[in-house]
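Based on these hints, arrange chains B, C and D on the given structure of chain A.
There are 4 protein chains.
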Amino acid sequence: MDKAALAKAAAEIMWRDDNASKWLGMRVEEVRPGYARISMTVTPNMVNGHNLCHGGLIFTLADSTFAFACNSHNQRAVAAGAAIEFLAPALLGDELTAEGIEQALKGRTGVYDMKVTNQKNELIAVFRGKSATIKGLLVEDA
Amino acid sequence: MDKAALAKAAAEIMWRDDNASKWLGMRVEEVRPGYARISMTVTPNMVNGHNLCHGGLIFTLADSTFAFACNSHNQRAVAAGAAIEFLAPALLGDELTAEGIEQALKGRTGVYDMKVTNQKNELIAVFRGKSATIKGLLVEDA
Amino acid sequence: MDKAALAKAAAEIMWRDDNASKWLGMRVEEVRPGYARISMTVTPNMVNGHNLCHGGLIFTLADSTFAFACNSHNQRAVAAGAAIEFLAPALLGDELTAEGIEQALKGRTGVYDMKVTNQKNELIAVFRGKSATIKGLLVEDA
Amino acid sequence: MDKAALAKAAAEIMWRDDNASKWLGMRVEEVRPGYARISMTVTPNMVNGHNLCHGGLIFTLADSTFAFACNSHNQRAVAAGAAIEFLAPALLGDELTAEGIEQALKGRTGVYDMKVTNQKNELIAVFRGKSATIKGLLVEDA
Numbered sequence: 001m002d003k004a005a006l007a008k009a010a011a012e013i014m015w016r017d018d019n020a021s022k023w024l025g026m027r028v029e030e031v032r033p034g035y036a037r038i039s040m041t042v043t044p045n046m047v048n049g050h051n052l053c054h055g056g057l058i059f060t061l062a063d064s065t066f067a068f069a070c071n072s073h074n075q076r077a078v079a080a081g082a083a084i085e086f087l088a089p090a091l092l093g094d095e096l097t098a099e100g101i102e103q104a105l106k107g108r109t110g111v112y113d114m115k116v117t118n119q120k121n122e123l124i125a126v127f128r129g130k131s132a133t134i135k136g137l138l139v140e141d142a
Numbered sequence: 001m002d003k004a005a006l007a008k009a010a011a012e013i014m015w016r017d018d019n020a021s022k023w024l025g026m027r028v029e030e031v032r033p034g035y036a037r038i039s040m041t042v043t044p045n046m047v048n049g050h051n052l053c054h055g056g057l058i059f060t061l062a063d064s065t066f067a068f069a070c071n072s073h074n075q076r077a078v079a080a081g082a083a084i085e086f087l088a089p090a091l092l093g094d095e096l097t098a099e100g101i102e103q104a105l106k107g108r109t110g111v112y113d114m115k116v117t118n119q120k121n122e123l124i125a126v127f128r129g130k131s132a133t134i135k136g137l138l139v140e141d142a
Numbered sequence: 001m002d003k004a005a006l007a008k009a010a011a012e013i014m015w016r017d018d019n020a021s022k023w024l025g026m027r028v029e030e031v032r033p034g035y036a037r038i039s040m041t042v043t044p045n046m047v048n049g050h051n052l053c054h055g056g057l058i059f060t061l062a063d064s065t066f067a068f069a070c071n072s073h074n075q076r077a078v079a080a081g082a083a084i085e086f087l088a089p090a091l092l093g094d095e096l097t098a099e100g101i102e103q104a105l106k107g108r109t110g111v112y113d114m115k116v117t118n119q120k121n122e123l124i125a126v127f128r129g130k131s132a133t134i135k136g137l138l139v140e141d142a
Numbered sequence: 001m002d003k004a005a006l007a008k009a010a011a012e013i014m015w016r017d018d019n020a021s022k023w024l025g026m027r028v029e030e031v032r033p034g035y036a037r038i039s040m041t042v043t044p045n046m047v048n049g050h051n052l053c054h055g056g057l058i059f060t061l062a063d064s065t066f067a068f069a070c071n072s073h074n075q076r077a078v079a080a081g082a083a084i085e086f087l088a089p090a091l092l093g094d095e096l097t098a099e100g101i102e103q104a105l106k107g108r109t110g111v112y113d114m115k116v117t118n119q120k121n122e123l124i125a126v127f128r129g130k131s132a133t134i135k136g137l138l139v140e141d142a
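Chains as they are written, first to last, in this note's numbering: chain A, 1 to 142; chain B, 1 to 142; chain C, 1 to 142; chain D, 1 to 142.
Check before you lean on any hint, since a few could be wrong.
Beta-carbon label-pair distances, calculated as ranges [stated by the list, open to error]:
#, chain 1, residue 1, chain 2, residue 2, range
1, A, Ala88, B, Thr43, 25 to 33 Å
2, C, Val139, D, Ile101, 42 to 50 Å
3, A, Pro44, B, Arg108, 24 to 32 Å
4, A, Arg76, C, Glu29, 37 to 45 Å
5, D, Trp23, A, Gly136, 41 to 49 Å
6, D, Glu140, C, Val139, 56 to 64 Å
Hints were generated in silico from the structure; no laboratory data involved. Glycine included, every Cβ here is placed at the ideal spot set by N, Cα and C.
Chain A extracted, bound-state conformation:
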């Protein structure tokens, strides 16, 4: 399998397993080596009485995108930590998209940057995740 096909196959294995991202209605748009893009609609369960989306769920969208990006080389990796900056509110009905790009991968440590935008391409949040690779592959016979 080439690297692009392997990234897709690894993503399929992750997705099958990922109850929380499905429960939140996320849609995996694209995964390639060092990259992932996932979208999510802001539903009534996710907002407060002012129709503002809970910041934790914006983080969760970015965190799922981070997970798909940092596992895209087929080497299992977990989040060691992450930081988010909230730049604009997300509202009921918004279509959010998180795009994640690998910035660095040195030894067992990776750094990935996610940007969360809405359907008007306005920047809602920026998220930086630090990953640590662990033992094991996703596609085991790759």
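Just chains B, C and D now, kept in the frame of chain A:
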């Protein structure tokens, strides 16, 4: 109203409004000035096929706790950003508790530290949030 | 003055004033709107007995670059906070370069990403800074 | 050697080696297991024309304190990353003190919180560092 009563009354107004925290089954255990404690059970919706809780939902628990702590002075405040370090996995059925304490409040900026522990008092994650106060009170006639 | 000339003029005013960056031997390589690049040689004062550069001084190089980038629109801005990930050690004699790029500027808040590399173009650290604009211009008659 | 004596002995070995902290005039006030406190005077080299201390040097003080705290168990550890929030300016002549406390130590990862205050006990900055232990002891025959 004294400060402790005001913190409780502000928390009640926030809770009434907070669909996401209710949807995730959170329980507000205690709120006082500069402090909040909220718990959440890890349900099947929150885990992957290895029964590990999605990091975004651990973040969300800490983020709700942060919101209650940084609004506990009755002055409305929002999250400007946050960082989390994941120290141990949370598992299906775990009873997580996030405890948040104000570290600094200077001008419009606050810094709050949350610790997330499980039912065995093991440390699952540490979270630091930066808040910005905005115009408006929660209890308006306080 | 056009925006590029204004960024240069603002940088000159900042540089004149910046004892610490001069003391550490920094050299401003380029400043344009939303961008700065500064270099620094790792001297014996900056290292420990194993010839490893103190992480705080790597941070300081990135922080100066951040300051020049976030003031490049001629609107005065200060650092609200920053996070750094150390990816590889810097050694005695290394020529470090920090390159900073604006990621977001919304209202008074800016997010800037700096990468610190050595003379072999190896990535030493990534740094994300959050700025807050304050009153006042650098070039006052612009 | 008991743990307190070992922490002191480890600190002495680190200090002997630490050109940068000496160059910046730092003074190690106290080191015990999971704890360090270091002070530094803000000198003319450290300030700009408005007598404000460079944020990078405030970071460096906290970073040195972090290093002494995370090496206080005699197991060598390095900084993986750190985040700082700047809360108030430090001025020429200020006597800054950074106090660092271990928050978590799980496997190879540690989390340490530093607070930087001035001579009036005003909070200047908060700093959170993530450490990774590496092979080797400081006091080798402990």
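Quick rundown of the hints versus the structure:
The hinted window of 25 to 33 Å between Ala88 of chain A and Thr43 of chain B holds, with their beta carbons roughly 30 Å apart. Under the hint 42 to 50 Å, the C-beta atoms of Val139 of chain C and Ile101 of chain D, about 44 Å apart, fit the expected range. In this structure the hint that Pro44 of chain A and Arg108 of chain B lie 24 to 32 Å apart at CB holds, the actual value being about 31 Å. For the pair Arg76 of chain A and Glu29 of chain C, the supplied restraint of 37 to 45 Å holds, since their beta-carbon distance comes to about 40 Å.
Checked against the hint of 41 to 49 Å, the pair Trp23 of chain D and Gly136 of chain A passes, with Cβ atoms roughly 45 Å apart. Take Glu140 of chain D and Val139 of chain C: their Cβ atoms lie about 57 Å apart, and the range 56 to 64 Å holds.
When the structure is compared with the earlier hints, no violation turns up for any of them.
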